[in-house]
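These protein sequences, in sequence, are chains Y and L. Residue numbers for the first sequence follow our numbering, beginning at 1 and rising by one. Residue numbers for the second sequence follow our numbering, beginning at 267 and rising by one.
Everything labelled a hint here was simulated from the structure, so no lab data went into it. Honestly, I wouldn't trust all of these hints.
[What the hints assert, rightly or not] Keeping only pairs whose Cα atoms sit at most 25 Å apart, straight-line, the calculated PhoX-like set for lysine-lysine is: (1) 5/Y - 39/Y; (2) 53/Y - 26/Y; (3) 220/Y - 167/Y; (4) 53/Y - 277/L; (5) 53/Y - 321/L; (6) 321/L - 39/Y; (7) 167/Y - 221/Y; (8) 147/Y - 26/Y.
Since the model is a prediction, treat every value here as computed from it, not as a measurement.
These are the residues of each chain, in order.
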Amino acid sequence: MYEFKYHRPTTVRQAAGLLARQEEAKLLAGGHTLIPTMKLRLAGPKHIIDMSKIEGLSGIEAGARSVTIGAMTKHNEVATSPVVQEAIPALASLASQIGDPAVRHMGTIGGSTANNDPNADYPAACLGLGAIIITNKRRIAADEFFKGLFETALEPDEIITKVQFPKVNKAAYVKFPNPASRYALVGVFVSKRGSEIRVAVTGAGANGVFRVKSFEEALKKRFGPKSLEGMTIPADGMGGDIHGSAEYRAHLVGVLARRAVAAAVA
Amino acid sequence: MSAVAMTVNGKAVTGDVDPRTLLVQFLREHLRLTGTHVGCDTSQCGACVVHVNGKAVKSCTVFAWQLEGADVLTIEGLAEPNGPLHPMQEAFREHHGLQCGYCTPGMILSAIDIVNRKGNELDEHTIRHELEGNICRCTGYHNIVKAIAAGARTMGGGSAGQQAAE
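Please build the complete structure, drawing on both the sequences and the hints.
Shown next as structure tokens:
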């Protein structure tokens with residue numbers, strides 16, 4: 001990989017300052033996207049800002065209406081947290097399906113959300129639950145956060161500190177993983193909170209995570225798998241590659257959405 | 267160059283290495299602990315798995331400088347040089363859980379991590395699911411799964427020979 005200088009700030013303010021001052025700086029959270037990318041020379045940041053020495057960025061708290069997770073909290077912690085399992089079990093289930101056990105010991109929710117990989121799982125949870133991404137500067141609703149392939153609303157010196165998920169009545173995540181990489185070929189997260197219905201899809205879109213309005217409308221009438229019977233989404237806008245064509249991904253969206261709703265009401 | 271300092275297999279070690287040095291490179295090339303292997307180098311195969319602060323981590327995807335103050339366990343740290351094998355190693359020997367041996371250190375350390383997280387009575391389904399981050403090109407996993415089930419039991423003080431005759 002290309003050479004770099006690394007920094008180990010102890011506060012978010014220091015980290016933000018470094019990000020603002022240094023050309024070509026990248027934050028290091030779990031490192032399981034950044035380091036592989038650097039090894040392939042697809043990224044060559046001149047400065048790496050390691051977040052691991054900043055206190056207070058890890059942890060899970062449940063309030064009356066939401067669960068807030070620190071940005072540096074590892075996937076394994078979310079997956080095995082009794083707090084998350086009780087409050088939003090679909091979120092714990094999603095975290096338990098990311099990568100593999102060793103990856104889950106390092107990967108973080110902040111890193112995954114900021115990276116917005118089109119095949120990652122957390123963007124589907126954020127959009128599928130209507131999360132609020134809390135940064136060192138502001139609070140951003142998930143619907144405004146994910147902008148496109150690997151692109152988010154984050155400004156250059158903005159750092160995610162926590163992600164807040166509202167508690168919902170029903171939710172589930174169903175994923176069709178790539179058998180080798182275990183990334184989501186397609187993953188669908190559905191939730192119902194009162195009359196608010198969300199169906200968020202990752203893996204399928206050429207532009208990253210998206211909501212399926214037609215499915216949400218159908219589920220408003222009745223939140224059950226039968227409401228989605230025979231429904232499909234068009235293949236345009238879906239990604240096609242060696243792992244699956246756009247048509248196949250579009251087809252999987254319908255299949256997985258029905259399974260997710262069935263799981264949510266079970 | 268950056269200074270690194272950590273504990274490896276119970277011994278304090280230091281080094282002055284290029285910041286790009288991955289943990290797997292530090293272990294193999296600087297400490298000459300070549301039991302940890304580089305397989306895919308893309309974080310998928312698990313041949314590089316070690317324990318960091320008690321948890322399985324893919325050492326090809328961590329910089330050595332990140333391990334400041336950490337406690338690292340490699341395959342070499344499971345047994346004394348002329349001492350008895352760790353129960354999980356013994357189970358892999360007994361159940362022929364390897365052929366070429368390349369994935370084996372990673373498999374064994376992942377297996378111990380599975381036991382730490384999931385206990386001593388592991389069914390086949392659980393083992394296969396928990397091994398998703400470990401790839402073997404030789405064995406077809408059959409004997410690896412058997413070895414892990416047996417090793418898990420022995421680690422819990424049970425008898426390894428509680429399975430039906432093969």
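Consistency of the hints with the structure:
1. 5/Y - 39/Y: At roughly 15 Å apart (the allowed maximum being 25 Å), residue 39/Y and residue 5/Y satisfy the hint.
2. 53/Y - 26/Y: holds, 16 Å
3. 220/Y - 167/Y: holds, 18 Å
4. 53/Y - 277/L: holds, 24 Å
5. 53/Y - 321/L: Since the Cα atoms of residue 53/Y and residue 321/L sit roughly 19 Å apart, the hinted pair holds (cutoff 25 Å).
6. 321/L - 39/Y: holds, 23 Å
7. 167/Y - 221/Y: holds, 21 Å
8. 147/Y - 26/Y: holds, 19 Å
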